[in-house]
Structures are given as C-alpha cells and as structure tokens.
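Number of protein chains: 2
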Amino acid sequence: MLYELYYWPGIQGRGEFVRLALEEGDADYIDVARKSGTAKMMRMMEGAGVATVPYAPPFLKAGKLVIGQTANILLYLGGRLMLAPKADAGRLWVHQLQLTIADFVKEIHDTHHPIASSLYYEDQKAEAKRYSGHFLKERVPKYLGYFERVLKKNGGPFLSGKTLTYADLSLFQVISGLRFAFPAAMQVAEKKVSRTISLHDRVMARPRIENYLNSERRIPFNQNGIFRAYGELDA
Amino acid sequence: MLYELYYWPGIQGRGEFVRLALEEGDADYIDVARKSGTAKMMRMMEGAGVATVPYAPPFLKAGKLVIGQTANILLYLGGRLMLAPKADAGRLWVHQLQLTIADFVKEIHDTHHPIASSLYYEDQKAEAKRYSGHFLKERVPKYLGYFERVLKKNGGPFLSGKTLTYADLSLFQVISGLRFAFPAAMQVAEKKVSRTISLHDRVMARPRIENYLNSERRIPFNQNGIFRAYGELDA
Numbered sequence: 001m002l003y004e005l006y007y008w009p010g011i012q013g014r015g016e017f018v019r020l021a022l023e024e025g026d027a028d029y030i031d032v033a034r035k036s037g038t039a040k041m042m043r044m045m046e047g048a049g050v051a052t053v054p055y056a057p058p059f060l061k062a063g064k065l066v067i068g069q070t071a072n073i074l075l076y077l078g079g080r081l082m083l084a085p086k087a088d089a090g091r092l093w094v095h096q097l098q099l100t101i102a103d104f105v106k107e108i109h110d111t112h113h114p115i116a117s118s119l120y121y122e123d124q125k126a127e128a129k130r131y132s133g134h135f136l137k138e139r140v141p142k143y144l145g146y147f148e149r150v151l152k153k154n155g156g157p158f159l160s161g162k163t164l165t166y167a168d169l170s171l172f173q174v175i176s177g178l179r180f181a182f183p184a185a186m187q188v189a190e191k192k193v194s195r196t197i198s199l200h201d202r203v204m205a206r207p208r209i210e211n212y213l214n215s216e217r218r219i220p221f222n223q224n225g226i227f228r229a230y231g232e233l234d235a
Numbered sequence: 001m002l003y004e005l006y007y008w009p010g011i012q013g014r015g016e017f018v019r020l021a022l023e024e025g026d027a028d029y030i031d032v033a034r035k036s037g038t039a040k041m042m043r044m045m046e047g048a049g050v051a052t053v054p055y056a057p058p059f060l061k062a063g064k065l066v067i068g069q070t071a072n073i074l075l076y077l078g079g080r081l082m083l084a085p086k087a088d089a090g091r092l093w094v095h096q097l098q099l100t101i102a103d104f105v106k107e108i109h110d111t112h113h114p115i116a117s118s119l120y121y122e123d124q125k126a127e128a129k130r131y132s133g134h135f136l137k138e139r140v141p142k143y144l145g146y147f148e149r150v151l152k153k154n155g156g157p158f159l160s161g162k163t164l165t166y167a168d169l170s171l172f173q174v175i176s177g178l179r180f181a182f183p184a185a186m187q188v189a190e191k192k193v194s195r196t197i198s199l200h201d202r203v204m205a206r207p208r209i210e211n212y213l214n215s216e217r218r219i220p221f222n223q224n225g226i227f228r229a230y231g232e233l234d235a
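Quick mapping for you: the protein sequence lines, in order, are chains A and B.
The first sequence begins at 1 in our numbering and counts up one residue at a time.
The second sequence begins at 1 in our numbering and counts up one residue at a time.
So here's chain A without its partners, still in its complex pose:
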C-alpha cells in the first residue's frame, strides 16, 4: 500500500504524529503537499472525489479510503503498521491515550493562540502570557504526571507495556516540542517524570526514527507550528 499524507508543507503540526507512525512502521508514503504543493489537498477538502470530506488536514489517502482526524488516522494505521495491539481492549486503550495526547496538543497550541487562530500571536500576546502561566504551572504537570503514572502502573517501558505503539511516538513528539517551546519550564518539569523522559529517549534512539529525524523529511521546529519558542511565555 502506498499511503498519501495530506498536510501543510511548512510545519510539523498535527501531520507529524502521522509521519512518525509512517516512518517507524516503514510504510511507503508520499507527503503530497511537500512534494507538489497544496492545490490537490485544497480540492479534496472542498469535496472533489471524496465522500468522507475532512474538516482540516491532516488526512490520509489509503487506497479508496480518505481518513481525517489525526487520532483516527493513527487508529487506522496502528494495526496495519504493527503499532497497536490487535485485540479490541488494547486498541481502545492506545486510542484513549492518543486522544488524551490530542487534548494536550490543543492546549499547547493555545499557549500562543488563546483568543483566535485567525489572529496573529502579536495580537493576543497579553492573553497568551496569562494562559501560558496557568498552562505551565497546572496543565503540564497534570498531563505529564498522568503519562508518568501510566508508565509506572503498566510497568513500561512503553505506555501500553512492553511493545511500542503510535501513542509512544506521539508522546515523544510532545516532549520534543515542549522542550523547543518551553526550555526553562521543561528543565523543571522533567525532574518529576523520569519514566516519560526515558520513553522519549528510547523512541528517539530507534533506528528508523533516528534516521528520519536526521533526514530532510523531518521539518525543523519553527515559529509557525504548534510548538513555538517565544521566550516571554517560558517560565
């Protein structure tokens, strides 16, 4: 199967959670908009030839299927790329973890856009500062503490136990992004979640992930993505 990933070409964004799964799963895929621009992606979002119109990128074309919503794409890919348990109970658990990561990602995005996505950061800086203060003090410890508890309870080294899943890849990405966006705050926060940091390191050292991160396929973090380095928002 040759997968087609549709996502904005200039950022990691939510597409990155799918890219990491495709890379670790050794899948054949085309990052369509990076290769040939966004025109086809925009037409598909308007419904051209697509019965299951996505609300927003990323979406994945897999044969005749067009699948939208990041966590839904990963639900689909999980079984096919050996990145999720086969049995129902395990699949639901990994998906539950992924949806919790998705909630965290939305809250991370809002650190620089608490008022409206349509406004520039510069037009909501005061609100972003206030939001980020609460986010770093309350939400980062709560979310990271949750994943740390899961790793402790399930015995690790991965979120669902002995085998890597797409949720581990996503948690790696979140830690990497938080380090880029909030280096000072993360120095403190990481001290209490050693299992989560070990998971991050373990994912990063996997041969396919390491190869990917060192390739041109990995878009660097930048100031247009979900994770943005605004010093004034860091603790």
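Hints were generated in silico from the structure; no laboratory data involved.
No residue lacks a Cβ here, since even glycine has one placed at the ideal position from N, Cα and C.
There's no promise every hint is true.
Using 30 Å as the maximum straight-line C-alpha spacing, the simulated DSS-like pairs for lysine-lysine come out as follows [unchecked claim]:
#, chain 1, residue 1, chain 2, residue 2
1, A, K40, B, K192
2, A, K162, A, K192
3, B, K86, A, K61
4, A, K61, A, K40
Partial pick of chain B residues on the chain A-facing surface, computed with a CB cut under 10 Å [unchecked claim]:
#, residue
5, Y55
6, A56
7, G68
8, S118
9, R149
A few chain A positions that, by computed beta-carbon distances, are all more than 10 Å from chain B [said to hold, decoys possible]:
#, residue
10, V32
11, K35
12, M42
13, K61
14, K64
15, L81
16, K86
17, F158
18, M186
19, S194
20, R208
21, P220
22, N224
23, A235
Position chain B against the provided structure of chain A, taking the given hints into account.
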C-alpha cells in the same frame, strides 16, 4: 451487558454524548456518580483496580473493560448499540465526524474559559468576551457549515447517510447547547444550515430520545457545564 457510566453528577458535560448513545441504543446502564456519588469514580481515576486509567471523566465500565475519552467510548458503543456502521470504512468515517465534533466542543467550552479551567469565569471575562466574538463570527459558521456540507454531499438525512449514528446524536446535543448558550447568535447562524437544524429536530423527535429528554435522567443545561448562557458573550 450492564454498562456503568462514570461522570460528574451535576452537569451534562461530555458525559451527555455517551448518555445519548446509551439511551438511543436502549442500553442498560447506571449513571454511577448520580446514583451514589463520586467516591468510586475518584478511586478509579487514581488507578484502583483499573489497568487503563482514564485521564478524566467520562469513562465507561463495560464488563472488564474501562474505557476513557468520550469519542473512544462512542467508538466502542457504536457497533454494539447499532449506532455505527459495521464495516471499517464507515466506522472510521463516523469516528472522524465525532472527533471533529469533539474539537468543536472544546472550542465551545473555551468561550467562557479561554485562559484556564482553574479560574472562575468572572476572572477571565474580558478574555472570554474577546474569544467569543471570534468564535461566533468565525468558528460557528465554519463548523456548522462543514456539517451542512457533509449532509448535503451524503444526501442525508443523517451525517453518514440513511442511518442514524452516534455522531448525529452528538451534533443534536451541540445544536441544543449552542441555542442555550448563544440564542441570539444562533438565530442568525441557523439560517444558513437548514439541513443541520432538520437533523437536530429529527433526533429530538426519536421516541427514545424524546422520552429521555423528558425524564429526570436528563440534567438541565446549567451554568456549570460546557454550554453556559452568559448574555454578554452572545452576539
């Protein structure tokens, strides 16, 4: 199967999307915290006897399974309560729609809590006013316009075509809630999405839903839930 739903007892909140599915699906269920308080729910969230610890309510106990995240619970219930297609393609499509509704719900919640969930509304009123202005002008038309396009494209009368799914129940709830929270803005917004409003009406008239809405099992909308009626935020 006797299902146990765990959710905060005083609000509809995210639990309501699960309740609507359980009711339309004619499932046997206990709304545990409403019946006997939150103590057991809190212990389960701390991990007592639960391998798949939820980050937050709602979660569902179904036999030995404990399933967290609203959309994940609906994914599980969909096939069992005849509220989702059996085939993979249809299941993924309905789940994709549900995840888009979940994104919308989070944005709705943030109309009164744009800065932090830990603060009172009164402590973020200015930001809430600014957020809600953009939300009503930009986000409501975008989301409702999306579901309207889906209904038009797929021929209706339901989001995935001829058969009701849990995503239709959830969209009904969102429209009901928006009417409660933003009556003036919705009067205008509804004019452009007649198919979506018809869907809302069609769901509300289903015998089991009508029975539920008229029962004491339905918690009224109130000022502690996701949808809150603050006149100053309405257009």
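Exercise. Checking against the hints above, which ones are violated?
Worked result: Violated hint (a single one): 14; every other hint is consistent with the structure.
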